[in-house]
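Engineer: Sequence:
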Amino acid sequence: MRPWIILWLAVAGCDSPTQSDSATVDACSGPYGCTEGIELCDGVDNDGDGEVDEADALDALAWFPDADADGWGDETNPTVACSGPAGSVDRGGDCDDGDPTIHALVPELCDGIDQDCDGQVDESPQDGVLCYRDIDGDGYGDAEDGHGASARVLLACEPPSGFVENEGDCDDRDGEVNPAAVEICGDGIDQDCDGSDAECA
Numbered sequence: 007m008r009p010w011i012i013l014w015l016a017v018a019g020c021d022s023p024t025q026s027d028s029a030t031v032d033a034c035s036g037p038y039g040c041t042e043g044i045e046l047c048d049g050v051d052n053d054g055d056g057e058v059d060e061a062d063a064l065d066a067l068a069w070f071p072d073a074d075a076d077g078w079g080d081e082t083n084p085t086v087a088c089s090g091p092a093g094s095v096d097r098g099g100d101c102d103d104g105d106p107t108i109h110a111l112v113p114e115l116c117d118g119i120d121q122d123c124d125g126q127v128d129e130s131p132q133d134g135v136l137c138y139r140d141i142d143g144d145g146y147g148d149a150e151d152g153h154g155a156s157a158r159v160l161l162a163c164e165p166p167s168g169f170v171e172n173e174g175d176c177d178d179r180d181g182e183v184n185p186a187a188v189e190i191c192g193d194g195i196d197q198d199c200d201g202s203d204a205e206c207a
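Counting the sequence shown from 1 gives a position; my numbering is that position plus 6.
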């Protein structure tokens with residue numbers, strides 16, 4: 007027999023998978039890797055226990071009761087299954103399943119209620135006011151402190167300590183400089199934050 011024929015037979019023998027090799031590849035070709043004997047939500051009794059798509063299926067989901075039909079469920083009472091029970095959804099995040107205006111994507115309001123179910127009340131409310139950090143305590147703040155640094159701005163139901171609703175302070179490190187201050191002419195300082203120092207007559 008010619009040498010190249012012997013070589014070809016040897017290579018062909020190494021590359022040709024046996025029947026058992028093909029079966030192994032098929033059992034491990036799904037999105038979950040090797041799942042032979044593991045139950046899946048596919049209408050087949052994968053684990054051979056006589057039941058189909060039971061709760062211990064690898065791809066079963068947690069389902070949450072949605073009593074108020076807002077598309078968000080009560081996370082305190084989940085059901086794990088391939089298919090959700092009637093009146094359930096596959097996402098939680100509803101801290102009051104009796105009120106459709108309360109769930110994880112509802113904007114917060116100034117009303118003492120935790121609309122967005124994050125465990126906080128009235129934070130960054132949709133109907134709040136902009137509050138500016140008042141560093142120098144003169145009753146005025148701004149988005150910048152007048153020295154190139156950004157001051158803190160937040161949305162709240164009312165200004166917390168150290169914040170005010172009044173903006174326009176062009177130097178929040180000087181309590182004598184703000185929109186309500188009296189301008190002193192010719193001193194090179196814009197006391198009233200109107201954009202220029204008044205000229206003396």
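Warning: the hint list may mix true and false statements.
Said to hold, decoys possible - Label pairs and their computed distance ranges (CB to CB):
#1 Asp203 to Asp133: 38 to 46 Å
#2 Glu57 to Pro113: 43 to 51 Å
#3 Leu111 to Arg158: 24 to 32 Å
#4 Ala155 to Ser89: 55 to 63 Å
Bear in mind the hints are in silico, worked out from the structure with no lab data behind them.
We put the CB at the ideal spot given by N, CA and C, even for glycine.
Engineer: Indicate, hint by hint, whether the structure satisfies it.
Structural biologist: Status of each hint after checking the structure:
About 40 Å separates the C-beta atoms of aspartate 203 and aspartate 133, a value consistent with the hinted range of 38 to 46 Å. Between glutamate 57 and proline 113 the Cβ separation comes to about 45 Å, which falls inside the hinted range of 43 to 51 Å. Restraint check, leucine 111 to arginine 158: a C-beta distance of roughly 26 Å satisfies the suggested window 24 to 32 Å. Checking the proposed 55 to 63 Å range against alanine 155 and serine 89 shows it holds: the Cβ atoms sit about 56 Å from each other.
The structure fails none of the hints (numbered hints given earlier).
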